[in-house]
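Chains as they are written, first to last, in the UniProt record's numbering: chain A, 1 to 403; chain B, 1 to 526.
Incorrect hints may have been included.
For the chain B half of the interface with chain A, some residues (derived, Cβ under 8 Å), not all of them [to be verified]:
(1) Glu101
(2) Asp413
(3) Pro440
Label-pair ranges, simulated between beta-carbon atoms [claimed, not checked]:
(4) Ala430(B) <-> Leu244(A): 20 to 26 Å
(5) Gln435(B) <-> Arg347(A): 26 to 32 Å
(6) Gly198(A) <-> Val295(B): 24 to 30 Å
(7) His158(B) <-> Gly198(A): 54 to 60 Å
(8) Ala324(A) <-> Glu248(B): 27 to 33 Å
(9) Gly391(A) <-> Glu421(B): 52 to 58 Å
(10) Ser494(B) <-> Arg378(A): 57 to 63 Å
Take a look, some chain B residues computed to stay more than 10 Å from chain A by CB distance [as the list claims (entries may be wrong)]:
(11) Ala288
(12) Arg389
(13) Ser511
Since the hints were derived computationally from the structure, they do not count as laboratory data. On a predicted model such as this, the values are computed, not experimentally measured, just so you know. Glycine residues also receive a C-beta, built at the ideal position from the N, C-alpha and C atoms.
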Amino acid sequence: MMLALEFYRSVSRHVVGKAAGGRLPGLLSGYAAPLRLVTVEEPRVDRPGWARLRTRLSGVCGSDLGALSGRTSLYFSPLVSMPFVPGHEIVADLIEDCEDLPAGTRVVVDPVLTCAARGVDPCDACVGGATNRCGRITVGDLAPGLQTGFCADTGGGWGEVLVAHRSQLHPVPEGHSDEQAILTEPMACAVHTALRAGIRDNERVLISGAGSVGLLATLAIRTLTGAGEITVVAKHHHQREHALALGATEVVEPGAALRRLRRTTGAFLVTPELGAASYLLGGADVAVDAVGSKQSLETALHATRAGGRVVLSGMPAAADLSAAWFRELEVVGTYASARSETGLDGRSAFEIATELVAGDGVTSLAKTVASYPLHRWREALDHAHGAGRLGTVKVAFDPRSER
Amino acid sequence: MSRPGFVLEVDDRTPPLVVHEGQGFRLEEFPLGTRVIYPPESLPAIDDVDAAIREALLEPVDQAPLPAQLRPGMRLTIAFDDVSLPLPPMRAPDIRQRIIEQVLTMAAEAGVDDVQLIAANALHRRMTPAELRHIVGERVWRSFGPQGLLYNHDAEDHDNLRHIGLTDKGEDVEINRRAAESDLLVYVNVNLVAMDGGHKSVPIGLASYKSLRHHHNAKTMVRSHSFMDHEKSHLHHSAWRMGRLLKEHLNIFQIETTVNNDVFPAPYEFLMKREWEWSVKDQASVLAARRALSVAPRRLKHKMFHELRAPYGLTGIHAGDTEAVHERTLATVHRQQLVEVDGQSDVLVLGVPYLGPYNVNSSMNPVLATCMGLGYLFNSYRGQPVVRRGGAVILYHPLDEGFNQLHHPSYVDFYDEILAESTDPAVIEAKYEQQFATDPWYIHLYRTSHAYHGVHPFYMWYWAAHAMDHVDEVVWVGGDRRAAARLGFRAASSFADALEMVSGTVGTSPSITYLRNPPHLIADTR
């Protein structure tokens, strides 16, 4: 038996979440979230290549908060199986040998449950290495689940024990702290984002949002592309400092983003009637929405030049897409990371991410990781909702901890 | 007979004194021994203004009479000062209207039919039709406005600019093509303060950025001591060089006017009087005004002040050769505004009023308040600054009016981005001026809307450069703390606090001088 936080089906809480989640997300996740602390059987998958892991740290991601506060689109409902233990940003110890990895190996988990993990013949995407695009995420040996942390059979990082397939495991190098390691999965997502953004040399990039997604995307874009000026939109002072350290050229407050880009790109600013949001004619070559809110996405859409590219890095909210049509923007989705990334000569995003988290920038970010034991989950979620304001880049659960 | 200006030394019997602070004023008790410089009372106005104008046009200085210079088939252009003068705007009819009407009458009598009128707004915002109509009058507006023959100068209309040449210092002289190619350019000026007029009229009012940048820059303006003394102002030296070059290519008939110190209409006349001479009626007006201002919402206060029209009286009009005319103009301005002051003080106190040249019918944002206080009011001296080098300036203004997005779009970016990085005029000039000056959106708004040119906030900052270089401390009493910090200054809640804050620089018993302005004055500091 083990202790875990369990996400369960609750129509009433889902309805409350849809109604009030956008306005009172913190309160909602604390007291009305469909989440409970339970003692359950440890997950087990008796198939070759699978092994049990004991969680060391598991992060709270924006998508977790979205699900808990009822803001996630029902589009994803067929892709999860209830009840499940959340947590897909995981650093854990192998409890038993897993193929070439001996028990006790400290690993991070690539959460995508691909054909290899599900024991089915590889789909076209998996054959090509684009494992994040796997088309078999609802079939095979496992219950439906797009990732570990959304699947009823695998458990997740917010429990003491979970199971994972060898294809998901990446050993953590000696010298990396758990706090650094917990940032490897979001860093891999950022690497994928940087590659999907298709940034050409000296292009001007806007990154809307300076939470962990935005900050790590800043580092990845600065490291892996020939981007020129990178403007990061940040609400909080500590985010500004981190963004500049990770490669941003300049950091602006949300209310000043359009004006700054207008001035630095020589664009024109126009304001629609009846208080609708202003937008640029001209602007950045590429914009990354690293929040997923309506405001952030519209900032990205409104600040991108005609023919430019808008990259959806955060799970997107509904927004006015008029600019995408009128300005002929390329809207590019970027989900998780691939085992074989185009543009990295077939290397995986995790491999690059592991190198990047060793750098000073991420080491500094890792020092702000705040960890909580499972039984203090309400505090943890409140903290995660206010992470930016409270100077934290990542909130995580440490199931080993009692305090 | 009007009394001259004088310097009051505050003693036990001195009542609280009026200090302007944006859209309001306060009654301040200054420490004993504070010197208060009062402007001279209003000079008597000329009774028959039309006759004075006619006499000036028929008997100009160092030029032939205007009718003698007019002939059929010639190209005549009349340029005039824009809405930035006078302050407050003049009660109708504006003196420019009365002059232009007489010039046009003489032109018609001479058979001149190619006439255009141009507002010399340089990089200022385009005036609205209503503002133009107020300056030139209904008759002139109806005759020329709808036909497109009365318009604002466009410093970004490169097809309609003409490069005249370079001065001996290599300064570009580029002005409005229509004006440059006219057989006669008549310039109609309102010389509110000593800084105005002379060769500041045509070479600046009708110029382009290419020409203006030679004197509107940090280096030139920090060395202009002061702007009110053209012989010691590097800005004016440059304008004079340009004007002399222009004179070789263009026939300019300069008409300059001076007005008295009647700047406040009823019931605000008490603002022009010395406080101990307030009548019972004045005291009632003071009380009523303070009560009304304390409860009035911001928009109502804005309306109360910005709808004031000054009942100026004309004190002089001279026409003819620019430099000869300007000498006579300055003599009249000095007679109205000059006050002898004996020596400098440690602290200079200035009340920044609701209005400056660039917020007529608009808002006094923090950058403009700085320009008004540290640019214009600080420079209201001749000889040497009223405050000693290394001293302190204490200003009154709330710095809370915000930005007018229509008139001052580039100011918002300047304030948010540029001042956040540096407040050093030379640094921001080197790093950012070109970006703002050539920004296509600002240029678009300047040309088609009613926005000041993108580079204008830089110029405002340069105006304050001499003061910022000269003193060690600047404190805003009643100023918004965040705004003051963004400007690179400090804010205090009271005058006593301000004195405490500057005591590290000027000591605990500093000598203090308060420039009680407006009405306008020039401290002739010995």
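The hints, checked one at a time:
For glutamate 101(B), the interface hint is violated, the least distance from its beta-carbon to any beta-carbon of chain A being 41 Å, above 8 Å. Hint status for aspartate 413(B) relative to chain A: holds, with the closest Cβ pair at about 5 Å, below 8 Å. Using the Cβ-Cβ criterion of 8 Å, the hint placing proline 440(B) at the interface with chain A is satisfied: the shortest such distance is roughly 5 Å. The hinted range of 20 to 26 Å is satisfied by alanine 430(B) and leucine 244(A), whose Cβ atoms lie roughly 22 Å apart.
Between glutamine 435(B) and arginine 347(A) the Cβ separation comes to about 41 Å, which falls outside the hinted range of 26 to 32 Å. Taken as a hint, the range 24 to 30 Å is violated for the pair glycine 198(A) and valine 295(B), whose Cβ atoms sit roughly 60 Å apart. A beta carbon spacing of about 39 Å between histidine 158(B) and glycine 198(A) contradicts the range 54 to 60 Å that was offered as a hint. Look at alanine 324(A) against glutamate 248(B): about 59 Å separates their beta carbons, and that is not inside 27 to 33 Å.
About 24 Å separates the C-beta atoms of glycine 391(A) and glutamate 421(B), a value inconsistent with the hinted range of 52 to 58 Å. For serine 494(B) and arginine 378(A), the hinted distance range of 57 to 63 Å is not satisfied, since their beta carbons lie about 48 Å from each other. No Cβ of chain A approaches the Cβ of alanine 288(B) within 10 Å, the least distance being about 38 Å, so the stated non-interface status holds. Listed as a non-interface residue, arginine 389(B) keeps its Cβ farther than 10 Å from every Cβ of chain A; the least gap is roughly 36 Å.
At roughly 42 Å from the closest C-beta of chain A, the C-beta of serine 511(B) stays outside 10 Å, upholding its exclusion from the interface.
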